[in-house]
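Build out the structure end to end from the sequences listed, making use of the hints.
Just so you know, the protein sequences line up as chains L and P, in that order.
First residue of the first sequence? That's 1 in UniProt numbering, and the numbers climb one at a time after it.
First residue of the second sequence? That's 1 in UniProt numbering, and the numbers climb one at a time after it.
The set of hints was computed from the structure by calculation and includes no laboratory data.
Just so you know, nobody snuck in bad clues.
Derived lysine-lysine pairs resembling PhoX-like cross-links, with alpha carbons at most 25 Å apart:
| no. | chain 1 | residue 1 | chain 2 | residue 2 |
| --- | --- | --- | --- | --- |
| 1 | L | K216 | P | K7 |
| 2 | L | K212 | P | K7 |
| 3 | L | K306 | L | K216 |
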Amino acid sequence: MGNGIKFSEILVTGDPLILASQIAILLTSIAIVAGLTYFNKWSWLWREWLTTVDHKKIGIMYIIAGVVMFFRGGMDGLMMRAQTSQPGLEILSSQHYNEVFTAHGVIMILFMAMPLLIGLMNVIIPLQIGARDVAFPQLNALSFWLFFSGAMLFNIAFVIGGAPDAGWTSYFPLAGKEFTPNVGNNYYAISLQIAGIGTLMSGINFIVTILKMRTKGMTLMRMPMFTWTSFIASIIIVAAFPIFTVALGYMALDRIFGTHIFTISGGGEPMHWANLFWLWGHPEVYIVALPAFGIFSEIIATHSRKNLYGYSSMVISIVGIAILSMLVWVHHFYTMGSGPVVNSVFSITTMLIAVPTGMKIFNWLFTMRKGRIQMTNAMLWSLAFIPTFTIGGVTGVMLAMAAADYQYHNTMFLVAHFHYVLIPGVVFAVFAALYYWWPKMFGFTLNEKIGRWHFWLFNIGFNMTFMPMFFLGLKGMSRRMFTYQEGLGWEPLLLVSFAGSLILAAGFAAFCYNIYWSFRYASRDVSNDPWDGRTLEWATASPVQHYNFAKLPEVTGIDAYWKMKKEGTTGLIKEEIEPVHMPSNSGIPFFMGVVFTIVGLFLVFEWLIPALIASFLIFVGLIMRSFDYDDGYYVGVDEVTKTEQSWRGDL
Amino acid sequence: MAGTVDKSLPMEYQTQQSQMNILGFWVFLGAEIVLFATLFATYFVLQDRTVGGPTAQDMFVLRDVLILTFILLTSSFTCGLAIHEMRRNNENGVLLWLAVTMVLGMAFIGMEVFEFIHYVDMGATMQTSAFLSSLYALLGTHGLHVTLGVGWMLAIILQVYRRGLTHVTTRKIFIVSLYWHFLDVVWIFIFTFVYIQGMVM
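Here is the structure:
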């Protein structure tokens, strides 16, 4: 206790790659500060973004953070593939390689997939259910700043103090103090804890929003599929994240305070970490996959100009997936000696998940059948998802067989499998969603032609990178190997994989270029409904005015906006406009984010007295919030009328 | 959201925002149930791992535990009285019973701190064994929740004193009472499955 990091050890030194990063971070920070000062944008930043409680802006901040983290996690992936491209290379040391695959896993799941999907949920859900905001706008901002605080803490680890290096699963005893005595795994415990609290708050917020804020006539069984899947994902968040909260709390206690929950020396049980981790970790997969399924459902229906085939079976299958997701966690450690009975039970529950998932695949195919299909980029990503995800699913059933898993366990086969699930199942969905909803967020579409480059480079690169790993795994290459000898027959496959990762990176670069190009040159003259959409988010302006709907829409069936267009009831009568109530901005969530970062940093360094003092600021924030009786403000009829006329023409 | 006020409901439910806050808190309590369930599960896994250190029989004193339980159950009752007075729109009654609840909460925490000091004196620290690590984690989390609840109640008492019983303050009183009863329920599980079981088995 109290033997934490010393001042002289704070900055990581001695590695040229890290030195370069430190210089890059320093220069970027200076450039941002100088830029904001030069263009006089500080007050704009504070007013419009840092203190905002608008769900659309919070969503956009999540998405920006997610894309930046995608870059960071992608660089880690590139470094790994470069390191293994030839036998015996030493681009990274073994220790550095450990840190890189740990960061890659954590960042891609928790700081890339989660914020991108929660960001999209933030932007779209209130619009799809015809609401003006989420149930708790200020809590929503707090969720974002806690996520951001966790992400920043995790990311500075590699330049300040040293990065976590026990894998994204951080199994004990490896992640314990005895084997990893530096502060790296403290960062893991603390930063994920902070981000996790933010996610839990988001989950609660979305559940209440969807249950209580649906507009008139929007019954549960008329909700768009993205809202349905996000609703179920939110329920899984509330059911699963507290388990991780406790597990990370125990990890911090064991590492910082010397307790023995997971450490054998005092009677602790390392297996208990594996159980708790995957009790959260497996449902987590579905927390990110279900909203992605919702995105595909929206896009495929819209672009086929048909109702989603088998709407109610889709709902039943997501509920089924949600329940099963909590019952399969042991399949992550069949080989740890649970015995044949336990393994068999979990083998069967795992295979059962293929049933509802297969149902969804057929529903998407039947939705397209006899549809008039429009081939936009959003639709292309959705189409590419189906075969690639199926490969991931089928190899998943292979892994689900406990007996066979003794062969595949912890090999590159597994790595290939989960990339074939998560990349089509999350990343393709996010790209599809960004092309689809971009005009709703920003008022212009992304360039379709550059988008094609993005699509093809990314798809070819993805398959080239991960397909060889199936064979590498079968040839006996275990995961997380930092180097290997010649003559094992792996060299050509690993070289193809490295080449693929470069193409993959080029695809991502094309996406970034597309954003840049479209920001500068794309036409701003885009209708509120560029894809001829079916759901309510298309019933309002693009970009959406801050109050969302001048008059809350009334819903009479599934695909509400499609019906309104058919019946010619999309208009707005001037006399019906009323003042709109909106919540006020608040600085408290941002303040809490800063406080949590400071407390987190002190805890990571094991400076307990400063951490205790700083944590009083958390109570200051809670009390400030409790005594805050700001009731929001009204947007007047005149302003609403003017805004509506600007995109609808005369009312 | 200002919205409509439905006078047919109890005051804390009358606005839509209040209904959402209360529902949101119920969902939060759902998460809290998972949190405590995980803490209990860990305790059950590790309760025999005493590695030669003090065992439950060595440590627990029936009289002290009964006093703790009596204090907390009584505080739940007085918290219920506060809600009863709130429904009768009696501001002073609400303030009185919330204050009594708070004092009982503080008494509970005080006693628990003494209990912990006593344990540490007999060589039972959270570093001694896995059993004790999981015990302190469970009791400590509950105790921290009670402490937070006391601070929260103080903030609400001040607001009721300044603003009277409004849509907002009644909602806050109601939510803190849900929280308080929840902590009581958790304590009943601790009392049964940690203390009683530890002393008997």
